[in-house]
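Please construct the entire structure, taking both the sequences and the accompanying hints into account.
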Amino acid sequence: MKSNNLTYFFSAGRFCLGLLLAAALLSSCAGSKSMTKLLKNPDPAYKLRMAEQYFAAKKYSKAQMVYEDIMPYYKTGKEFEDIYYKYAYCAYYQDDFMNAENLFKSFLEIFPNSTKAEEVDYMRAYSYYKQSPKPELDQTNTMKAMGMMQTFINTHPGSVRNKEANEIIDQCRVKLEIKDYKAAILYYDLGQFRAAGVSFTTLLNNYPESMKADEYKLWAIRSYYRFAQMSVEEKQVERYEQVINECNEFTDRFPDSKLKQEADEFLKLSQSNIKQLGNEQVKTPA
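Here the sequence shown is numbered in my numbering, starting from 76 and rising by one per residue.
For the record, the hints were derived by calculation from the structure and aren't laboratory data.
Be a bit skeptical, because a hint or two may be false.
[Stated by the list, open to error] The calculated lysine to aspartate or glutamate pairs, modelled on EDC-like cross-linking and capped at a C-alpha distance of 20 Å, are:
{"#": "1", "residue 1": "Lys-310", "residue 2": "Glu-355"}
{"#": "2", "residue 1": "Lys-134", "residue 2": "Asp-157"}
{"#": "3", "residue 1": "Lys-343", "residue 2": "Asp-327"}
{"#": "4", "residue 1": "Lys-161", "residue 2": "Glu-143"}
{"#": "5", "residue 1": "Lys-257", "residue 2": "Asp-213"}
[As the list claims (entries may be wrong)] Cβ-Cβ distance ranges computed for the label pairs, FRET-style:
{"#": "6", "residue 1": "Asp-264", "residue 2": "Glu-143", "range": "47 to 53 Å"}
{"#": "7", "residue 1": "Asp-264", "residue 2": "Glu-309", "range": "26 to 32 Å"}
{"#": "8", "residue 1": "Ser-181", "residue 2": "Leu-265", "range": "42 to 48 Å"}
{"#": "9", "residue 1": "Asn-188", "residue 2": "Asn-116", "range": "31 to 37 Å"}
{"#": "10", "residue 1": "Asn-323", "residue 2": "Gly-233", "range": "43 to 49 Å"}
{"#": "11", "residue 1": "Pro-232", "residue 2": "Gln-267", "range": "44 to 50 Å"}
{"#": "12", "residue 1": "Leu-114", "residue 2": "Gln-267", "range": "55 to 61 Å"}
{"#": "13", "residue 1": "Asn-281", "residue 2": "Glu-143", "range": "40 to 46 Å"}
Ideal placement from N, C-alpha and C gives every residue a C-beta, glycine not left out.
Okay, structure coming up:
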């Protein structure tokens, strides 16, 4: 009896699932037929009303198709600016940020004196920001977003959007800093200590106001110390002297850093190693 009940349960479940799939398919087909019928309608005013309804209902894919279809009818009409404006946003709201950026750019070229020009100019820059990937990946769009946000600030000095634009620039800068930090750490982990030292120094120069500035300097000291250790004996004194210079710079720049004690240790080790190398050279017969 129990087996029969289970069989019935699974059969009923498959039947219900089949009904749901069939309903979804029929709905999709009906929607497709409805859209085809709308696009074939010869009345552009009716199509525009439908596009507006789709846009208001956040059915951006449908709105986009209808707006694109009616654009030739309204290209010289007063409605065209609003149509193109919403058409660009249809791409944006569907997360098609690359296309959205191009459409916002075109809007500014077609309607340079529009009352919406400032907003659209900002949205163009923001579309680049939305394309900014995680730090490990190529940051071309991140740098473009920073540049375009700065251009927006310069072009619209009184805009209420400038506060957010500055915040986005700061966020992008942090992302670039993280990327450079990870690249420098990778050099260190791979044992390429000279490259790591140069990378951490460059990182510090590029982001001198960073909250991690003293950490970057200490990493440079660690890297140059390991580089000196692994060098041939004839080069070691010179390279330990570089570590000493780095340690002195650390003390001058970050006298109150919690990392100063470790920097002082590298200073002492380097001085001791130079002294030891000097003693060995004295003992070595000419």
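So, going through the hints one by one against the coordinates:
1. Lys-310 - Glu-355: Within the cut-off at roughly 14 Å; holds.
2. Lys-134 - Asp-157: holds, 17 Å
3. Lys-343 - Asp-327: holds, 16 Å
4. Lys-161 - Glu-143: With a Cα-Cα distance of about 11 Å, the restraint between Lys-161 and Glu-143 holds, given a limit of 20 Å.
5. Lys-257 - Asp-213: holds, 13 Å
6. Asp-264 - Glu-143: 47 to 53 Å: Holds, since Asp-264 and Glu-143 (Cβ atoms, about 51 Å apart) stay within the stated range.
7. Asp-264 - Glu-309: 26 to 32 Å: holds, 28 Å
8. Ser-181 - Leu-265: 42 to 48 Å: At 46 Å between Cβs, range holds.
9. Asn-188 - Asn-116: 31 to 37 Å: Distance hint for Asn-188, Asn-116 holds at roughly 33 Å.
10. Asn-323 - Gly-233: 43 to 49 Å: Hint holds: Cβ distance 47 Å, inside 43 to 49 Å.
11. Pro-232 - Gln-267: 44 to 50 Å: Holds - the Cβ-Cβ distance for Pro-232 and Gln-267, about 45 Å, lies within 44 to 50 Å.
12. Leu-114 - Gln-267: 55 to 61 Å: With Cβ atoms ~60 Å apart, the hint holds.
13. Asn-281 - Glu-143: 40 to 46 Å: holds, 44 Å
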